[in-house]
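Colleague: So the protein sequences, as listed, match chains G and Z. Heads up, the first sequence is in our numbering, so the first residue is 1 and it goes up one at a time. Heads up, the second sequence is in our numbering, so the first residue is 1 and it goes up one at a time.
Calculated directly from the structure, the hints in this document are not laboratory data. A quick note: this is a predicted structure, and the numbers were derived from the prediction, not measured. Hints should not be assumed to be uniformly reliable.
[Claimed, not checked] Under the rule of at most 30 Å between Cα atoms (straight-line distance), these lysine-lysine pairs were calculated in the BS3-like manner: (1) Lys268/Z - Lys166/G; (2) Lys20/Z - Lys37/G; (3) Lys252/Z - Lys387/Z; (4) Lys37/G - Lys10/Z; (5) Lys392/Z - Lys266/Z; (6) Lys20/Z - Lys66/G; (7) Lys10/Z - Lys166/G; (8) Lys166/G - Lys20/Z; (9) Lys330/Z - Lys268/Z; (10) Lys252/Z - Lys225/Z; (11) Lys225/Z - Lys266/Z; (12) Lys268/Z - Lys387/Z; (13) Lys330/Z - Lys166/G.
[As the list claims (entries may be wrong)] Okay, the calculated bits of chain G under chain Z, using three or more residues with CB under 8 Å as the criterion: (14) 26-37; (15) 40-51; (16) 110-121; (17) 129-141; (18) 144-153; (19) 157-164.
Quick reminder that beta carbons are idealized off the backbone N, C-alpha and C, glycines included.
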Amino acid sequence: MPTATVRNKAPALQEFERIFHEHYGLVYRTAYTITRKAEDAEDVAQTIFLSLLRRQLDSDAMNNLKGYLYKAAVNTSLGILRSRRRHVLLQERSELTATPATSSEELEAMDRRLWAAIAELQENASQALILRYIHGYSVMETARLLGRSRSSVAVMLFRSRVRLRKLIDDVEGEK
Amino acid sequence: MDVRRHTGRKLDQFFARALKPSSEQVQSSEDRVWSNLRSEAEDLPDSAFVSISVSIRPYRVFGKAQWAAAGIALAAALVSVLVWRHGPPFSTAFTTSNAGNSPMGKLSGQRGAEPLQLTVPEAFEVASVKLVPQSSQAFQLATVGETSQLTWIGCPGGFQFGRRVTPGRLAIDGATLLTLVIFAYGRDCTLVEGGPAWARSGEYYEIQALVPQGTPSETLEAFSKGEAPRLQGMLQTLLADRFRLVLRREMKEVPVYALTVANPEKLKLSPEETLPLPANFLPGLMAQLTPNLRRGALISAGTHFMGHAVSVSDLARNLRQFAGRIVVDKSGRSDLFDVDLSFAPNSVTPTTAAPPDQPQALPPVPGAPSQSGASLKDALFEQLGLKLEATKMPLEVLVIESVERPSEN
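Isolated chain Z, as found in the complex (with noise of 0.2 Å):
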C-alpha cells in the first residue's frame, strides 16, 4: 500500500513539473502565428473559405416557421437568464419545511444549504411539450411501458422506450411527468416521491426539443445512464419552467441489494475488440442484427445476461429489474469484465405494485433455490464471484412539492 502511495505521490509530481507557457509566451506566439496565418489566409482563393460556415447556420425547425422558431428561442433564452439570475423555482424548496423535524428531515436541511450545482443556465434552444391523446399509438406504448415497469420494479416510472438521442435533439413519445423526473435526474423511480396522481401515472407527455447549437454531444446510452449532464440539467430546466415543477431533498433509509465481490477470480475480461453471442441466444432476426457484442454493451435474453467489457456498476444498473430492489454497486471496482450470467426465471418475483403515493411493497430476496436453475444471487456468486447483500442504505430521494400541468407551447 505504501509503495502504490508513493508512486502515486511520484506521479503527481511528474504532473506538477510539467512545464507551462507564461502568459506573455503565449500571447507573443499568439501574435506572432496569427501574423503568419493571415497572410497565409489572404493568399488563399475565396473558394477555400465555404467551408468555414457551420457556426452561422440558422436551425430550421417545425416546419417553416422560422421567425416562430427564433421567438421560442428568445423567450427561451430569457427564460433561462431569469432563472439563473433569481435561481430555479425548486431551490427555495430546499431550504424549507421539515428540515429539523426529524434526523432525516435534518440531513435534508443540511442539503439545502448548499448552493445549487447550476452555475450556468442550460436550457433547450426550443422545446415542445404536448399532452399525448388517448387515442394514440404513443399513448398505448407508454400505457404498456407503465404497466410493465409497475409489475418488475414496483413504481410506473421510468419506462425505456420511446426516447430518441440524436446530435441537436432529444425527443420523448410519451412520457409521464414522474418518468420525465426520473430521466432529469437519473434516479430510480422508488426514490421520487409525492406528486399528484395525473403526474405519476396515466398523463403522457411528448417533448421535442433542440439542444442548443455547440452543445457537447451525448448519446442515449449516456442518458439512460443518468451520465449525460448537460442533457438532464436541460430537461431539468424544461420541467422547472413549463411544469412549474418543486422538488425537496430528503435522506432516507431504503432497503437494497450491495454488489461486492467474493471471489475476484472469477471476473475477467477477454482483450477481444467484439465477442460472439451463443447461437440462439437471440430468436430469429434480432440473432442476425446482433451477431457480436461489441465492447461495453450489455444485453439480456430473459434471464440470462451477456456483455463484454461492462464495470460492475453497469451490471448492478442492469440487475434491478430482476432484484425487486436498487442494486448498489459496492464492489470498489472501476475495472471492466465479461459478463455471462444466467439465473432461473422462477426464482424472481415480479413486484407486488401500490398505490402510487403509497410506499411500495418490497419483494422477497431473490436468493430462495429454484427447481429449474440457480437462484439470481447464487448464480451472481457461483458464476462471476459476486455476493448479493440485503441492507439499507441512506440514499438521496426527491420529493415532488408542486407540479402543474404544463403551460401551452
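Isolated chain G (complex conformation) (with noise of 0.2 Å):
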C-alpha cells in the first residue's frame, strides 16, 4: 500500500515543483497585471510560493490549490496596491496643479483610480473581477475557483461594475 503521508524530503520536493510550474502563470499574471511592475509581481509570486513551501494547508486548500493560490495572488497584489496608495494620492494632487495633462497620462490617471477602488473593495469582489475580466473567466469558472456560487459571484461583479461605473462618472464630472 502506498503510504499515507510524504515524510521524505525528495518526494515533497518533487511535489512542490509540480505545484510551483503548474501555477506560477497565473499567479505572476495576477500580480503584474494588479501592481503592473514586474519586479513587484516577482515579490509577490516568491513570497506566496515560500510561504506554500513553509506552512500547512488544510485540505480545503489542497482541494482547490488554484484558487487559493490566485486568492494569495490577488490578496497580495492589492496590499502592495494600497501601501502605494498615499504616494499617488500625492502625485494625483501635484498632477492637478500642473499643467493640462494629455490624454494618456488623464488614461494613467483614471487607471490608477480604478485600480485603488478595485484594492478597496471586499477581497471576494475584486478577485472575481479580476478572474473575470482580466483574465477572462466565465462566471461559473470564477465562483468554481472561489468556491462560491454563480449567483453570489454575479452579484458581486454587479455591484462592483456598479461602483466602479459610478467613479468614472465622477472622474469625469471632474474635469
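Each of the two chains sits in its own frame; use the hints to bring them together as a complex.
Modeller: Here it is, written out as C-alpha cells:
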C-alpha cells in the first residue's frame, strides 16, 4: 500500500516543484496585472510560493489549490497597491496643479484610481472582478475557482461594476 | 441609458488596457524564482516537508476494501473515458424522433443539433447504487416525501430530504429515478416527463458516491438550487452509466406564474449581517437553534416567509410549492433584499395529483381573497411590491426515452 503521507524531503520537493510550475503563470500574471511592475509581481509570486513551501495547508486549500494561490496573489498584490496609495494621492494632487494633462496621462490617472477602487472592494469582489474581466474566466469558472455559487459571484460582479462605473462618472464630472 | 453605456464601455476599455506580461517574461521570472526557491527549499529541515502530502493520500472507502475500491475507480474512469470518446448514450436521443413533426418538435430537433456541453468527463470516483428495501426507514421517509411532494407540487419527484453533500462525498438515502433526474438536471418535477412507473414512483435508490479529489467542493444549498454543475454532471454520468438513461429535450408551452416588480420601493435590504427572527416564528428548540437569519437565508414557517439578503429568483423558487405552478423570476433584478411575507394558508390549494404519466392538473390561481388574510398574490403585491401573473412560457422539458434498473455495483 502506498504510504499515507510523504515524510521524505525528495518526493515532497518534487511535488512542490510540480505545483509551482503548474500555477506560477496564473500567480505571476495576476500580480503583474495588479501591481503593473515586473519586480513587484515577482516578489509577490516568490512570497506566495515560499509561504506555501513552509506552511501546512488545510484540506480545503489543497482541494482547490489553484483558487487558493490565485486569491493569495490578488490579496498580496492589492496590499502592495494600498501601500502605494498614499504616494499615488500625492502624485495626483501635484498633477492637478500642473499643466493640463495629455490624454495618455489622463488615462494613466484614471487607471490608477480604478485600481485603487478595486483595492478597496471586498476581497471576494476584487478577486472575482479580475478573474472575470482581466483573465477572461466565465462567471461559472470564476465561481468554481473562488468556491462560491454562480449567483453570488454574478451579484458581486454586478455591484463592483456599478461602483467602478460611478467612479468613472465622478472622475469625468471633475473634468 | 447612454451615460450608463458610456461608463460601461469606459470600464471595459480599462480592463482591456490591463497590463499582461509576455510568455517570455513569465518564463524568465519563473526560472529565476524557481532557482531561488529551490535553494531555499534545500536548506529547510526534513520535518518542514511533512505537510505537503494531501494530494497523494489514497481514499479509504467502504471499510477495508481498498483494492476493490481502486478497481471500481479504474472501471469508472474507463467508463467515463469511453463515454467521453463515444458520447454518452443520451446524446443520440437529442437528434432523434419527432423533430419536425410539430413546431415544438422542430425546436427539439434544433437543440438536438447542438453539441453536448460535456467537454470533460465528469464522473464520481466511486459510486454505489442500491435499491432501498421496503422494510427500511429510508423507504418510509422517501414514501412520505413523495406523498407530500405529490400533494403540494402535483408530481411525486424532487422531494428534498435525505441528501447530504459533504466535502468529497454525495449521499442520497432514498430517491426515485425521477428525483435523481430532477437533482441531476436541476429541473422542476413538472418538466421531466415519461419513463416507466417504477422510475417515477415507489422504487427508491440509495446513492453513496465519492467525488474525485481536487474537485472544488459544492454545497447542499447549491445542489438544491441546481447550481452545483460538477456534482450534477457526475450524477448525470452516473444515471447514463448505471441506469442506461436516455433523455430527449423538447420545448413546450408551460403554464407558469411570472414574478415581476410592481413597486420597487418595497424591496429593501438591511445592511446588517444577520437579522433576528420574530419571536414564535419557529417552534421550541428550532427557535433556539436558529435565532437569526444569516445573509442569503430564506426560511418559511407554514405560509410565513422570512429571508435576509435574498434574490427575487430565490424567492420565486421557494414560492413554487405554494403557487402550484413554476414561478419564473421576470423581475430583471439581480440585487438582494429582505423578505417578510405572510399569506393566508387557505389561499393555497394543494394540487390534485394525476397519474404519473399524465399531464398534471393545474391548481387554481392563488389570487382569490381569503377570510383569514391576504392571498399569496395579494400578499406579494402589498408586502413586497411584487406581482404574480399567470402566463404561458416555452420551457425545456426532459422526456425519459428509456431507462433500465441499475446494474450491479
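Colleague: Could you run down the list of hints and mark each one as holding or not?
Modeller: Outcome of the hint check:
Restraint check: the Cα-Cα separation between Lys268/Z and Lys166/G comes to about 21 Å, which is no more than 30 Å; the hinted pair holds. Among the hinted pairs, Lys20/Z with Lys37/G is consistent with the structure: their alpha-carbon atoms are about 10 Å apart, no more than 30 Å. At most 30 Å may separate the alpha-carbon atoms for a hinted pair to count; Lys252/Z and Lys387/Z meet this at roughly 24 Å. Only pairs whose Cα atoms come within 30 Å are accepted, and Lys37/G paired with Lys10/Z is accepted, the gap being roughly 23 Å.
The hinted pair formed by Lys392/Z and Lys266/Z meets the criterion: a straight-line CA distance of about 27 Å does not exceed 30 Å. The hinted pair formed by Lys20/Z and Lys66/G meets the criterion: a straight-line CA distance of about 19 Å does not exceed 30 Å. The straight-line distance between the Cα atoms of Lys10/Z and Lys166/G is roughly 11 Å, inside the 30 Å bound, and the hint therefore holds. Taking the CA atoms of Lys166/G and Lys20/Z, the gap is about 26 Å. The hint holds against a cut of 30 Å.
Between Lys330/Z and Lys268/Z, the direct Cα distance comes to roughly 18 Å. Compliance with the 30 Å bound is thereby established for this hinted pair. For the suggested pair Lys252/Z and Lys225/Z, the alpha carbons sit about 22 Å apart, so the restraint of at most 30 Å is met. Taking the CA atoms of Lys225/Z and Lys266/Z, the gap is near 26 Å; set against the 30 Å cutoff, the hint holds. At roughly 16 Å between alpha-carbon atoms, Lys268/Z and Lys387/Z fall within 30 Å of each other, so this suggested pair holds.
For the given pair, Lys330/Z sits about 26 Å from Lys166/G by alpha-carbon distance, which is consistent with the 30 Å threshold. With a threshold of 8 Å between beta carbons, the proposed coverage of the stretch 26-37 of chain G by chain Z holds, since 5 of its residues qualify and at least three are required. Coverage of a stretch by a chain is defined here by at least three residues with a beta carbon nearer than 8 Å to that chain's beta carbons; for the stretch 40-51 of chain G and chain Z the count is 6, and the condition holds. Coverage of a stretch by a chain is defined here by at least three residues with a beta carbon nearer than 8 Å to that chain's beta carbons; for the stretch 110-121 of chain G and chain Z the count is 3, and the condition holds.
For a cut-off of 8 Å, the count of residues in the stretch 129-141 of chain G with a CB near a CB of chain Z stands at 3, and the three-residue condition holds. Residues of the stretch 144-153 of chain G with a Cβ under 8 Å from some Cβ of chain Z number 7, which satisfies the need for three, so the listed coverage holds. With 4 residues having a beta carbon nearer than 8 Å to a beta carbon of chain Z, the stretch 157-164 of chain G meets the requirement of three or more and the stated coverage holds.
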